[in-house]
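So the sequences go chain by chain: A and B.
Using full-length UniProt numbering, the letters of the first sequence map in sequence onto residues 1 to 225.
Using full-length UniProt numbering, the letters of the second sequence map in sequence onto residues 1 to 224.
Honestly, the hints are just simulated from the structure, not real lab data.
There's no promise every hint is true.
Simulated pairs of lysine to aspartate or glutamate, EDC-like, Cα-Cα distance not exceeding 16 Å [unchecked claim]: (1) K102/A to E90/B; (2) K104/B to D106/A; (3) K144/A to E121/A; (4) K64/A to D87/B; (5) K64/A to E90/B.
One letter stands for each residue in the lines below.
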Amino acid sequence: MAEKEVKLFGNWASTYTLRVEWALKLKGIEYEYVNEDIPFNKSEELLRLNPVTKKIPVLVHNGKPLAESLVIIEYIDDTWTKGYSIMPKDPYDRAQARFWAKFADDKCMSAMYSVSTSSGEAQQKMLQEAREAFQILEQALGSKKFFGGDQIGYLDLAITLLAFWIPILEEIVSVSMVDNENAPLLKEWFTRILDVDMIKTSLPPRDKMYELSKQRREQFFSGQI
Amino acid sequence: MGETLKLFGWKVSPYSHRVEVALRLKGVKYEFIHEDLANKSDMLIRYNPILKKIPVLLHDDTPIVESQVIVEYIDEVFDGHPILPKDPYERAEARFWARFIDEKVRPQVWMSCWTDGEIQKSFIAQAKESLATLQGRLEGKKFFGGDSIGLIDIMACSLALWYGVMEEVVGLNLLNDYPELCRWGEDYRNVEAVRECLPERELIVDFFAPRKDRIFAKKAPVYD
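For reference, chain B alone in the conformation it holds in the complex (with noise of 0.2 Å):
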């Protein structure tokens, strides 16, 4: 395979991030393509048919997709800063953590912010206990991935920006009982493979702040 490397990204996603980290950990160029997420192009359907989404990494001109997907094939493929642990059973751990963030902590965290009500109240009580089992797996620790960043880590990123400006759109109070989780994501938006591809705090507040009434409604993002 030869080196080309295009990322079809958005600025304000996480997913997109991620993948920006794993690139920008391992040193290698790439052409960012800004998808306006309200008007997707041609190219991205073209390469993301199934789920027509960002990110999509398109290496020469095959393309890869799913954010995690693509930060372990970033981290198999190209030397450079160890994104994974090389011993199987932590390699095992570290995936086991990615997915707990990803399908407890995330919809968690999310929902808490756009219920109301006794669902509300439900969802903060299980976002609370995930939270505190996550910030119970720093152990102390600078990162998740010990001195440095690796998977769990990028994994998480949301918790070092995305979420609290969430939570201040919406008027909800999570992280900050957490301040081990704060403390380490000061530690992660000053890695400078971070600090080089972190949205502008003010870019996530304009996505949020006009949208808050049809996202409480749907649920989900809303990108016109």
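Same shape as in the complex, but just chain A (with noise of 0.2 Å):
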């Protein structure tokens, strides 16, 4: 039998593997997937795909291996042209798009990260920290539908793992990150985004993320991870 064109190497439960599969579902494109036993059961052939930083996602198009996300989503942007377009087409937009993408990994992410592995007056000064961040990323929004506008596009893929963490986040601390008070738009969107069918029918379980998540944080406290 053929090795198909495009293989995926990812976990069920990592949301930058998904990022890269909606954006192979958006254009339509068939693809085989690999589940990785992260992290400490990676198969020999991710390895030996992506021997620079051994992590999942990892897209093999013909043969060729691509890591990172958001790199992987731009590409296949690129190469398959006819269809549904993820990135702007306007470079002034889509410079927006990637500073936009770059301040949510760097920015909201780390903060969420350090909001759920922080306590007491540390926490407190890193939730309001995370607030801000929240609060500006809203500015990407605006009144849009979707930060791609009237259809989603590469932010709605880069973001949407927020739209997924923050709630169960906000569970297990206690916090709330994103409201009515500092991001109403962006906490609608939130509830969009997920309504998305591609999107809905993709995320791993809410109450095995919970599990999980809570899992994490228990780990790191007691000095395991």
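Please dock the two separately framed chains into a single complex, following the hints provided.
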């Protein structure tokens, strides 16, 4: 049997893997999915395909591997040029999309992580910073339906993982990072994006992720990770 | 869009340099507005209210921020020397390495310089691994971009000058263990577009040396 042209190495619980899957789905690309048992049991093939960072997701197209989810999304859009447009067409809009994706990863993700791995006064400080970061992120959305406008685009794919994780972590840690006070439009987008069919049907089960996050947090505090 | 280009930058900053190289490779004229980072101008804060950092490129009156984002924008808008490869796979591969440099090499080298004890040993080990990996990517070519400089070379610019100076100021010796990277650094510095906007070594020494203790305490640059 001929090897599928597109192969994706990922993990069922990885929202970075999902970013790539969504991009492939939007383009209607058929692919073979390989689940990797991360972090302690990575396959030989994965380590051979991504010896530099040894991480998932890795996309293999015609035998050539690529890593880094946001890099892969741009590659998919550059390569399968017919059909759905993921990146904006205008160079300035593209620059904006790339800036906000970086801001979301650098500031919002790390703020979210800091809140869930700190406690007491330090946590209060981290929470304030996180709330400010999300308030700023909302500027990229404005009154639009999606970050990409009327339909989802690169930035929506990049940021959806926040829509999934924030509510879970808010519940575990008993804090509020995104609410009607600091980012009402972003909060609405969280609901809207998680309701998009393609996204709704592919996200891992919430209760499973809740338990996994809780476990990881406990491991972190007990010094295991 | 018209053609008025202004760059808010700081001569000592490698991030500022990245944007200048890109503009010079394209042969486009721009006005350089020097920012005093201890005393940021109202204009800078107006054009980059979120991060309040340099570099900021103003194309007519529209600001673009984040050095890699700006470099990619310049490549997409202006003709001339291609900065990113034309082939989508090679382009993605260049972006992957740009990310590797910013997320691994940069913080690891920085922290190797500005920590001590066991923590420093750990960062040095990580930096060595990353530098070896990056050197491997050169594969004996003149530049990461092949015969001429491209995105990866521009993003790696700190290795061509800044890191060497920083290491000297703190008394560390990492880069010399990577002869291919050192050779690349010299070739990079000799590119005309680079030479035109590379700061004098002394300027960088004058930034780090008097602030050594404060940077060590903060683990981050100090501008005043």
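Of all the hints given earlier, name the ones this structure violates by number, lowest first. 1, 3
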